[in-house]
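Chemist: The listed protein sequences derive, respectively, from chains A and B.
No gaps in the numbering here: position 89 of the first sequence is 88 in numbering that gives the first Met the number 0, and each next residue is one more.
No gaps in the numbering here: position 71 of the second sequence is 70 in numbering that gives the first Met the number 0, and each next residue is one more.
Please keep in mind that the hints were generated in silico from the structure rather than gathered at the bench.
Which stretches of chain B does chain A cover? Using the computed rule of at least three CB atoms under 8 Å from a CB of chain A, they are:
#, segment
1, 43–57
2, 68–76
3, 127–139
4, 144–158
Covered by chain B, according to a simulated footprint, are these stretches of chain A (three or more residues, beta-carbon under 8 Å):
#, segment
5, 47–59
6, 132–140
7, 144–157
For each residue, glycine too, the CB sits at the ideal point set by N, CA and C.
There are 2 protein chains.
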Amino acid sequence: MERSRLPVSFELEADRMRNLLLQPEEVAKETRVVMEERRLRTEDNPQALTYEQFNATAFLNSPYRIPVIGWMNDLETLRLEDLQVWYQKWYAPNNATLVVVGDVQPEAVHALAQQYFGPLEPSPDLTPPKPRPEIPQRGTRRIEVKAPAELPFLMMGYKVPVLLTAGEDWEAYALEVLAGVLDGGSSARLSRELVRGTQVAAEAGAGYSLYGRQQSLLTLSGTPSPGQDIAALEQALREQIHLLREQPVSAGELERVKAQVVAANVYEQDSAFYQAMKIGTLETVGLDWRVLDDYVPRIRAVTAEQVQAVARNYLHDDGLTVGVLDPQPMDPNAPPAMPMGGGHGH
Amino acid sequence: MERSRLPVSFELEADRMRNLLLQPEEVAKETRVVMEERRLRTEDNPQALTYEQFNATAFLNSPYRIPVIGWMNDLETLRLEDLQVWYQKWYAPNNATLVVVGDVQPEAVHALAQQYFGPLEPSPDLTPPKPRPEIPQRGTRRIEVKAPAELPFLMMGYKVPVLLTAGEDWEAYALEVLAGVLDGGSSARLSRELVRGTQVAAEAGAGYSLYGRQQSLLTLSGTPSPGQDIAALEQALREQIHLLREQPVSAGELERVKAQVVAANVYEQDSAFYQAMKIGTLETVGLDWRVLDDYVPRIRAVTAEQVQAVARNYLHDDGLTVGVLDPQPMDPNAPPAMPMGGGHGH
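Full structure from sequences and hints, please.
Modeler: Take a look at the structure:
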């Protein structure tokens with residue numbers, strides 16, 4: 000957006016924060032659109048369907064269990080009044096974070112914020128959401144999802160802390176590095192060992208995000224190669240976890256992975272949109288956005304012993320949830336499934 | 000209660016329906032009592048803990064997943080305002096069912112209800128709770144719960160319809176009879192085959208309740224005999240299910256079981272309290288209380304083919320959830336656990 004358009008974007012955002020008109024026909028139409036979106040992205044996407052049920056099994060009581068778009072039933076039973084109440088309560092200046100990234104003067108932005116958002120009425124009695132930490136997991140959980148699909152799919156997740164919940168900050172950064180040892184570029188272990196090496200996997204990946212509100216998952220996922228089965232893939236992934244617990248990462252590999260993790264973080268900053276989103280996310284979950292500046296030095300400070308320590312402390316069977324997509328014959332008349340978008344983070 | 004006390008009980012119930020005073024210290028104290036109750040009955044009771052997590056795995060989105068007493072965290076974060084809002088909204092004459100069972104005159108009871116509950120202010124805009132049916136289960140789910148315990152424990156549940164959700168009414172009655180074939184008196188199959196026969200189980204039981212608001216579970220549970228393990232017990236329980244799917248119950252066994260199920264139902268009527276509770280439950284879930292009168296003739300009408308049909312239609316691996324308690328060493332200083340009370344029904 001060109002800088003001179005800043006005032007009009009403030010005007011528009013401030014207007015829709017408090018003055019949205021929820022009209023019955025429009026809401027009904029838009030709800031149908033969202034339901035169709037959900038059908039394409041989840042109900043008709045076997046990997047996404049597996050992930051959703053896997054996730055609701057890994058988290059039995061925390062809000063992380065609920066899909067962001069809601070269950071289909073939530074959309075089917077959505078009432079105009081529900082939206083109105085929700086909008087009036089939460090879409091308020093005292094519950095918003097405004098982030099502006101780009102070639103602007105902070106004072107000018109602040110003045111615009113005062114001008115447009117200052118007069119908006121705050122929501123009264125806005126208490127922060129209650130903390131709802133997940134109950135302790137006490138053993139492996141395993142679900143099977145049978146759905147029309149061409150290929151099987153395996154999803155594994157270990158309960159791990161995030162920056163906000165870690166006993167020690169370094170644990171979250173060590174988990175970032177650990178995820179980088181497994182996945183991140185073609186020389187990462189899952190690609191090297193499972194995809195190109197033993198070829199047990201057609202694809203395999205790992206995911207972790209340290210910026211969450213509460214305890215999260217380090218995930219592993221993959222598709223077996225033709226002729227290989229899910230059990231072999233799970234065994235191979237578990238062996239990788241075992242290795243991380245048993246042997247410290249070598250100095251050379253650690254340096255390469257840290258450079259890769261740092262580079263990925265630096266490349267992200269190229270996008271002004273992504274910068275803004277990250278700052279907004281951090282402030283929203285209750286972290287100071289300035290922790291962004293800690294990222295590179297904290298990653299660089301992670302040691303091989305720390306990577307091994309988080310593997311030993313958190314990557315054990317008692318905190319493991321496994322989801323298996325068991326492919327069923329495809330309906331020949333069904334439309335093609337969309338690929339699953341985005342990561343598995345929260 | 001003696002009949003002459005009826006007016007005073009109306010007076011008391013009407014008073015506490017609308018005029019309850021929620022005082023901060025009392026609420027705080029009572030909440031601590033409930034938390035202590037929960038700790039004794041669930042956190043420190045390994046079978047109950049297993050059941051709770053099993054249940055939240057079997058039901059991923061329907062409200063049946065939530066323990067009636069709430070998760071410990073719900074109690075820890077309960078605010079006085081939450082109680083006030085809840086009480087004012089739901090404890091209202093337009094959201095209540097009044098049941099009086101005993102030696103009374105209907106006209107007199109009706110007059111008392113008018114006199115005491117008639118003047119109470121109804122809650123405005125009381126919309127019924129949204130239906131939140133469980134998403135379709137697509138494969139076996141399995142969880143392990145490691146907790147200090149003396150013995151292992153196995154909990155299995157198959158998704159089955161209840162009277163309100165069954166495609167055909169007879170399915171629910173056939174499931175009642177099926178549960179009676181497995182459990183109900185010493186000649187039922189689980190006692191006869193698993194406890195006294197092969198002695199794979201120290202105890203084993205089955206449960207089902209046809210009067211629920213939505214899709215429920217037919218449960219199997221048990222403890223292996225000393226020297227037997229959970230896997231052997233699960234195998235034996237699965238064989239019993241297999242048998243129900245493969246072979247119709249003999250005429251003799253069917254008659255004996257039906258007589259037993261009917262007798263249990265008739266004995267229940269001996270308790271005026273239980274009669275009242277059942278009528279209240281039925282009206283609350285949306286069933287006419289008069290379906291109680293259908294019970295005996297409908298059970299008597301169940302055929303062996305119907306029992307086999309519900310076994311085939313519902314007792315399959317895709318609708319199965321398994322919870323396993325894996326006993327850990329007991330803390331020698333811990334107080335003894337309370338036995339798990341009541342059934343597993345909703």
